[in-house]
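Undergrad: What follows is the residue order along each chain.
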Amino acid sequence: MATTAKPPKPEELSKIDYKTPKKNWIDTPVEFKPGMYCHGSRAKYLEIVGFPNPREWKPGEEDWKLPENWKEIVIEGIKERLEKYRSFRLFMDICVRCGACADKCHFYIGGGDPKNMPVLRSELLRSVYRKYFTVGGKLFGKIAGARELDLNVLKELWYYAFQCTECRRCSVFCPYGIDTAEITLMARELINLLGLNTDWIMGPVSNCYMKGNHLGLEPHTIKSSIEFFLDDIETVTGIKIEPTFNRKGAEILFVTPSGDLFADPGTYTAMGYLMLFHELGIDYTWSTYASEGGNFGFFTSNEMAKRLHYKIYAEAKRLGVKWILGGECGHMWRLIHQYLDTWHGPADFLEVPKSPITGTVFENAKSTKMIHVAEFTADLIKNGKLKLDPSRNDSLKVTWHDSCNTARGMGLLEEPRYVLRNVVNHFYEMPEDTIREKTFCCGSGTGLNAGENMELRMRGGFPRANAVKFVRDHFGVNMLANVCAIDRATLKASMEYWVPDVLVCGLHELVGNALVMTGEKERTQDLRLEPLPGKEAKE
Amino acid sequence: MKILFSFFTVVVLILLAYAGVNANMHFLFGAVIPYIAVAVFLLGFIYRVLKWGSSPVPFRIPTTCGQQKSLPWIKQNKIENPSSTLGVITRMFLEVFFFRSLFRNLKTQLYEGPRLAYGEAKWLWLAGLAFHWSFLIIFVRHFRFFMQGVPSVIKTIEGLDSFLQVGVPLLYMTDVIILGAVTYLFIRRVFIPQVNYISLAADYFPLFLIFGIAASGVLMRYFFKVHIVGVKELVMGLITFNPVEMQKMQEIGVIFYIHLFLISMLLVYFPFSKLMHMGGVFLSPTRNLANNNRMVRHINPWNYPVKVHTYEEYENEFRDKMKKAGIPVEKES
Ligand code: SF4
Ligand code: SF4
Chain A
1 MATTAKPPKP EELSKIDYKT PKKNWIDTPV EFKPGMYCHG SRAKYLEIVG FPNPREWKPG
61 EEDWKLPENW KEIVIEGIKE RLEKYRSFRL FMDICVRCGA CADKCHFYIG GGDPKNMPVL
121 RSELLRSVYR KYFTVGGKLF GKIAGARELD LNVLKELWYY AFQCTECRRC SVFCPYGIDT
181 AEITLMAREL INLLGLNTDW IMGPVSNCYM KGNHLGLEPH TIKSSIEFFL DDIETVTGIK
241 IEPTFNRKGA EILFVTPSGD LFADPGTYTA MGYLMLFHEL GIDYTWSTYA SEGGNFGFFT
301 SNEMAKRLHY KIYAEAKRLG VKWILGGECG HMWRLIHQYL DTWHGPADFL EVPKSPITGT
361 VFENAKSTKM IHVAEFTADL IKNGKLKLDP SRNDSLKVTW HDSCNTARGM GLLEEPRYVL
421 RNVVNHFYEM PEDTIREKTF CCGSGTGLNA GENMELRMRG GFPRANAVKF VRDHFGVNML
481 ANVCAIDRAT LKASMEYWVP DVLVCGLHEL VGNALVMTGE KERTQDLRLE PLPGKEAKE
Chain B
1 MKILFSFFTV VVLILLAYAG VNANMHFLFG AVIPYIAVAV FLLGFIYRVL KWGSSPVPFR
61 IPTTCGQQKS LPWIKQNKIE NPSSTLGVIT RMFLEVFFFR SLFRNLKTQL YEGPRLAYGE
121 AKWLWLAGLA FHWSFLIIFV RHFRFFMQGV PSVIKTIEGL DSFLQVGVPL LYMTDVIILG
181 AVTYLFIRRV FIPQVNYISL AADYFPLFLI FGIAASGVLM RYFFKVHIVG VKELVMGLIT
241 FNPVEMQKMQ EIGVIFYIHL FLISMLLVYF PFSKLMHMGG VFLSPTRNLA NNNRMVRHIN
301 PWNYPVKVHT YEEYENEFRD KMKKAGIPVE KES
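Going down the list, the sequences are from chains A and B.
If you're matching positions, the first sequence starts at 1 in this note's numbering and goes up one per residue.
If you're matching positions, the second sequence starts at 1 in this note's numbering and goes up one per residue.
Just so you know, the hints here were simulated from the structure itself, not pulled from any lab data.
Predicted model only: the values in this text are computed from it and were never measured.
Keep in mind that a hint or two might mislead.
Unchecked claim - Beta-carbon label-pair distances, calculated as ranges:
#1 Pro431/A with Gly167/B: 42 to 52 Å
#2 Leu16/B with Arg55/A: 51 to 61 Å
#3 Asn316/B with Gly136/A: 48 to 58 Å
#4 Glu112/B with Gly359/A: 48 to 58 Å
#5 Asp473/A with Phe98/B: 28 to 38 Å
#6 Gly534/A with Gly113/B: 49 to 59 Å
#7 Gly136/A with Ala39/B: 41 to 51 Å
Stated by the list, open to error - Residues of chain A placed beyond 12 Å of chain B at every Cβ, according to the derived structure:
#8 Pro7
#9 Tyr418
#10 Thr524
We put the CB at the ideal spot given by N, CA and C, even for glycine.
Sequences and hints are given; from them, build the entire structure.
TA: Next comes the structure, spelled out in structure tokens:
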């Protein structure tokens, strides 16, 4: 394995040089810096899902072991995608290089590398497009901003396609709505055609394909992980919960990212779900087959994403449920909201989601038939169906991180805030230009949350962390809440690095803490088994 | 280098027109080239738009910039996150006529601490708006040359545009604004390091060209005072496909031909360039679609079946483990 460079100290890293180099970018070859990129995928992962060119290779090495005709493959791949995606063709043509997007990308802000300005990231591919697909580029070459595709250019495309988290922040500011994420998606599709995937993405993809979830948890392990949470819940509340798995005839299928079954602090969020559903007494089931809401396939190709998300509707149909409830996750929700129905619909075997508790019919999901758990819980609270004691979260001063995907690919902004305000007493927003549609990425989305690219992640996480630091310094915030499983893993690392005294949690962890359950014992601990405020002395 | 290249290209174009007219090629510059230019522009523009249109929109991918429509008691942002056609039209209207997204622009700055701050940055928006609007108004004003009488709408626009009532002939504000705005856009491209770094010749060239067009127009109107009746006759001749005779063409000063030639070049260049953003903005799938994804299914015309890992295969692999863990199975073995 290549060297896993430890990132420099925060004081060092935050000295960012935004000076542009003297030399034209087109004449500056890419330089692979340790800590800024991921390992290449092991051959076996590609083989499992039938991807091209499986082999052992290292991105940092000269020879990428490409097929003989790799150039043709890429050019042909561009052509095919220009014909399939209007977004791609249009965005290749209409950028005026006004620069409005330039300083909106967290990777540029945190790193200063000009090729991380969204516009330049796109130009890397656009220059190739010009050379092979436009009159001006064919005739005038470099002066028209066109360049030949060679190995160096390919490496550059690769390097910067994995320094974009497809967060769409740039797209908010672009006068034509040019979404660099769309271009990165295409670049990654091209990369995929040559077997240039990264290990951290392909591992989860192949796991998810064969075992149903990114982590590769087998059915019995899923069950035992959850049983482990049940023990903790019993310790905290005195209540024994018995969820069901793969149960036919349940009314609701619950699908959530597997990350929350595995590592802190996501596990506490999973406990929150279990407690909430138990208290409501709803007729729902988990599935060990559709055990992943997230989709790392989306970070390789549209086709792979579609292959992975197949199991959600398939499982709903097999089990005969009426509708689907989805857990907290970012990219999962971009895909469920904007892709699932198009890929695998119409879901006419399901019914329009209707809350069994409040009777609310979720007309906003009348076609896809899947709702977000924050929508579900907000409706419960609004209708007074939950008994909540927010003072149990009184040791926390909470701020809210909008995940890129739910903010800019859906618009789920107020539902979680409404829930949050009802389960905590101290909630402070981060500065306006860093939240809602202008929210900053955690810095490690789209499969960049590996270990070997930690410097990249910390750089990308800098703007978000800096806004957290602001509310910590001003209001004493000590908890960063969100609705995303990736965030729970990545922000934890980013906070430890940039703002060490701030912890990270999911929304339903806070719900679980505040929820007053029927027949519970007097609570002295929160879901992390830490003493509740005011209960410390009683031990 | 890119700047000089673009600058000299425009200079060469001006010299070409000058030399051509001096060599008595009035017909070429006053009729043939303009005809070709308009034809290239129209056909090219249509071709480009059709080309974009020929690629489908497989997924509905609006960039949502506000609260979605979900529960009835949560206030939706109907414009920035539209769920209806009316909302989309409003969003597009604001985008096209007022550059809504550009209005959001911020300037990210890093201070000691480290502390990131996001300051106001509206100059680009303002200059862009000033440029495009004055271009449009000037374009509309020119219709006085394309029509028999002068329609009252145009007179009104002219009246408003010259309300300062200074100079003879009256000074049009848009003439000043467009020159100022183009100059600003040029200066920022040169002096803001990031913008300079991303700029191509294709970014400077249109600026010089448009500056040349505006400047030649200004010179013609306020300084050289070309034979205006002759100009109108020539233009009317062109649009009725009945060009005026050579002698009348010669009566008009050379500055007019320079103006006309630069416009012709702009028209020819347009469909091959980034200037096509004028048509493209209407087609942008992140802006012109409603965020009603979970309400109405979007159809992908090339949606094809993919290889999947079925539940059956899954159960076959894990049946024993599932049974042992008490998870229900479809088949016992
Ligand atoms: S904001 Fe849009 S048009 Fe301007 S440089 Fe960025 S992508 Fe290009
Ligand atoms: S999508 Fe996000 S990460 Fe990618 S270029 Fe735009 S702002 Fe940067």
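Undergrad: The structure should be examined with respect to each hint, and the outcome stated for every one.
TA: Now for the hints, and whether the structure bears them out:
1. Under the hint 42 to 52 Å, the C-beta atoms of Pro431/A and Gly167/B, about 48 Å apart, fit the expected range.
2. The hinted window of 51 to 61 Å between Leu16/B and Arg55/A holds, with their beta carbons roughly 57 Å apart.
3. Here the CB-CB span from Asn316/B to Gly136/A is close to 56 Å, well matched to the stated 48 to 58 Å.
4. The given range of 48 to 58 Å is respected by Glu112/B and Gly359/A, whose C-beta atoms sit roughly 56 Å from each other.
5. Between Asp473/A and Phe98/B the C-beta distance comes to about 37 Å, which sits within the given range of 28 to 38 Å.
6. At roughly 35 Å, the beta-carbon separation of Gly534/A and Gly113/B lies outside the given 49 to 59 Å, and the hint is violated.
7. The hint said 41 to 51 Å for the Cβ distance between Gly136/A and Ala39/B, and at roughly 19 Å that hint is violated.
8. Residue placement check: Pro7/A keeps its beta carbon more than 12 Å from all beta carbons of chain B (closest about 15 Å).
9. Taking the minimum C-beta to C-beta distance to chain B, about 7 Å, the non-interface status of Tyr418/A is violated against the 12 Å cut.
10. For Thr524/A, the condition that its CB be more than 12 Å from all CB atoms of chain B holds, with the nearest at approximately 32 Å.
The structure fails to meet hints 6, 7 and 9 from the earlier list, while all remaining hints are met.
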